[in-house]
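Going line by line, the protein sequences match chains A and B.
Sequence positions in the first sequence follow the numbering used here and run 2 to 375.
Sequence positions in the second sequence follow the numbering used here and run 2 to 375.
Since the hints were derived computationally from the structure, they do not count as laboratory data.
Do not take every clue at face value.
[Said to hold, decoys possible] If we take Cβ atoms under 7 Å as the criterion, some of the chain B residues that face chain A in the derived model are: (1) PHE7; (2) THR41; (3) GLY44; (4) ARG68; (5) LEU77; (6) ASP85; (7) LYS107; (8) PRO298; (9) ARG299; (10) ALA311; (11) ARG312; (12) ALA316; (13) HIS320; (14) MET327; (15) LEU328.
[Unchecked claim] Here are the computed lysine-lysine pairs in the DSS-like style, where the Cα-Cα straight-line distance is at most 27 Å: (16) A:LYS82 <-> B:LYS353; (17) A:LYS43 <-> B:LYS43; (18) B:LYS242 <-> B:LYS175; (19) A:LYS353 <-> A:LYS304; (20) A:LYS304 <-> A:LYS346; (21) B:LYS179 <-> A:LYS304; (22) A:LYS179 <-> A:LYS104; (23) A:LYS175 <-> A:LYS242; (24) A:LYS14 <-> A:LYS111.
Cβ atoms here follow ideal geometry from the backbone N, Cα and C, with glycine treated the same way.
Below, each chain spelled out in residue letters.
Number of protein chains: 2
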Amino acid sequence: MTAFLFDIFSTDKTARRGRVTTAHGVFETPCFMATATAATIKGILPDAARAAGAELAICNTYHLMLRPTAERVAALGGLHKFMDWPGSIVTDSGGFQVMSLSKLRKISEKGVTFRAHHDGSAHELTPERSMQIQHLLDSDITMAFDECTPFPVPQDQAASSMRLSMRWAERCKKAFVKRDGTALFGINQGSVYVDLRLESAQALEALDLDGYGIGGLAVGEGQDAMFRTLEEVVPALKPEKPRYLMGVGRPDDIVGAVQRGVDMFDCVMPTRSGRTGQGFTSRGTLNIRNARHQEDPRPLDEKCPCPTCARASRAYLHHLFRCEEMLGPILLTTHNTHFYQNLMKELREAIKHGALGSYAAAFLAGYQTDPAER
Amino acid sequence: MTAFLFDIFSTDKTARRGRVTTAHGVFETPCFMATATAATIKGILPDAARAAGAELAICNTYHLMLRPTAERVAALGGLHKFMDWPGSIVTDSGGFQVMSLSKLRKISEKGVTFRAHHDGSAHELTPERSMQIQHLLDSDITMAFDECTPFPVPQDQAASSMRLSMRWAERCKKAFVKRDGTALFGINQGSVYVDLRLESAQALEALDLDGYGIGGLAVGEGQDAMFRTLEEVVPALKPEKPRYLMGVGRPDDIVGAVQRGVDMFDCVMPTRSGRTGQGFTSRGTLNIRNARHQEDPRPLDEKCPCPTCARASRAYLHHLFRCEEMLGPILLTTHNTHFYQNLMKELREAIKHGALGSYAAAFLAGYQTDPAER
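Let the hints inform the model, and build the full structure from the sequences given.
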């Protein structure tokens, strides 16, 4: 019998270095998840993502309820077996994707009715159905079903949206069927309004869930506003529970959020950038399609030990992207995945040694190198 | 100092089991090449193709002269380093692709002028330039520059096309700069006209090249005509030199051609099919997009030991193709590559044990299973 656990091993000011145990093993925090929206990490084999250091994957209720359906995944033995990911899996509740992808949405107290983005078929998502789907998928960490508040938003609208999400969180708690080693996370909302964020934190506190999502950030408010919001919200969350900043972000966002006490992150950036030609390096990002790389025998990042940097020159990657060859996205996604996972590993080490401040300063100084010198 | 060598270890009627040594190692024959047209095997990492058993890759003069250019590949250390393929490499001469892909072609005694398929830029390929490009690429096996005769074609046109290719082969021999462990193969032409094929074989004999391509087959003439042509041509080729049937083919084509004395094959089929959803199995091909696979927990082929079959159900592959996820082509290309390489391994074993006839009969019986039973 495995309990869902979060052990904190060391702290460095507000930052923490810990380990989460679920029904499917452990993952070290702060962590960055492998984005496996439709039960696949785009452009990289599960083994390769694990070799890069990913221990936790995130899949999506909205996408999977449509195709192949939660019932089919359950009949095939659950998501871990279906997608060859024996490790822990978070499932997003579908709230964000219903808002951003589907058509003809109608939101009511009960939930959301909508038409699917890919074929226009009609569906309904409610807090109860989202819990049921995530259960069928055999998720380790289930996210509460919430309304994703748009940005910018007037305060009264942000308030009513957040309060709807808090009522839905209560229904999620009632509908969630706890199994060994699984968890339900509530999601803090309230846009950039501090009093709403604190009201949301208090509402979640009352539900005593297993961890916290922090939602509705990195949606256009800017890094300063995001950091300020974290500085207000984090102290209002119980320190013994993991904090997951949803959909974030750029490497510099992550460094700053870890300094402000965040434990878990997910973002499409390393995989999506890998498909469009943007590579992450210790000197900042670069676009491999740029003509200046076409005869460059150097790897993407001379400091990087990943299989792509060990074998492919910038000239070769440039060639693959110019010719629209699949191997370009595969190799660049592999590198970007390593870059993010390596950043998390270094952040964990820095916290362990009480050196997060100096690590962060050195990382950011390198990461902001003049683009012409990358 | 490495010589280009072809050692024949065993024969079974007309079939042979051997080994070719080049500047970049050895490959066992009969063999199937990894198709790396633009210096990348579509949908599979070089390491994974090697793990499947591929020892020889084929790249293309036409594609690489356009992008990134042969001069750039040479400046970057040659094709082996550029594409991370330390093993042997064959380069096709560009003749076939000029005919099938480029625009505004003009063929003269001197060579071919044309405009590139991707940007309309003007280029010229001659036997001498093709040899120079393949040298710059650092090819182990250089193919003579030939005209690809269309099919069907009247005999007089087939004759003049073949004779032009033979004059070009003579110019290729003069222009080819032999380095240790490299080879120049001539290409037998003559469409389905036996007397032309024999005239071509005689012309190549006079040039005493290192091996034979057999070109202009699998272009619409049908398997019977192809096998009949092989039965006439092969006895006219010196047995101590390797025979390479270019662009072939389906598994049943390969089995029949090995029985008729062919040593080397290349075809886009396993990789191209891998991208379109066609999987090769011991019971024949199947289309994974078909709805009958959507709840099927079985692997593609229960007899297959490849990483895809060890981990992915048909239902999962179906889901990936339905959602147009990159991992679908990656997993199916991996399987198809294993299928082809495993077939070659079994053919080599069968020849070694003098059991090719019974192996071929059993393979074909299985491969022609009723599609509903696959």
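Would the stated hint for ALA316 of chain B survive a check requiring a Cβ distance to chain A of less than 7 Å?
-> 5 Å, holds
Hint validity - MET327 of chain B Cβ closer than 7 Å to any chain A Cβ | The hint holds - MET327 of chain B has a Cβ within 7 Å of chain A, the shortest such distance being about 5 Å.
Hint check: 7 Å Cβ-Cβ cutoff, THR41 of chain B to chain A = 4 Å, holds
Are the Cα atoms of LYS43 of chain A and LYS43 of chain B separated by 27 Å or less?
-> 16 Å, holds
With a cut-off of 7 Å, does the beta carbon of ARG299 of chain B approach a beta carbon of chain A closely enough for the hint to hold?
-> Violated, about 11 Å.
Decide if the proposed pair is consistent with the structure: LYS14 of chain A and LYS111 of chain A, CA atoms, cutoff 27 Å inclusive.
-> 42 Å, violated
Would the stated hint for LEU328 of chain B survive a check requiring a Cβ distance to chain A of less than 7 Å?
-> For LEU328 of chain B, the interface hint holds, since the closest Cβ of chain A sits about 4 Å away, which is under 7 Å.
Cut-off 7 Å, beta-carbon criterion: hint that ASP85 of chain B touches chain A = 4 Å, holds
Measure nothing beyond the straight line between the CA atoms of LYS179 of chain B and LYS304 of chain A; if it is 27 Å or shorter, mark the hint as holding.
-> 39 Å, violated
For the hint on PHE7 of chain B, does the least C-beta distance to chain A fall short of 7 Å?
-> This interface hint is violated because 30 Å lies over the 7 Å limit.
Sort out whether LYS175 of chain B lies within 27 Å of LYS242 of chain B, counting only the CA atoms.
-> Given that 27 Å is the threshold and the Cα spacing comes to 20 Å, the pair holds.
Chain A contact restraint for LYS107 of chain B - C-beta distance below 7 Å | 26 Å, violated
When each numbered hint is compared with the structure, violations occur for hints 1, 7, 9, 10, 16, 21, 22 and 24.
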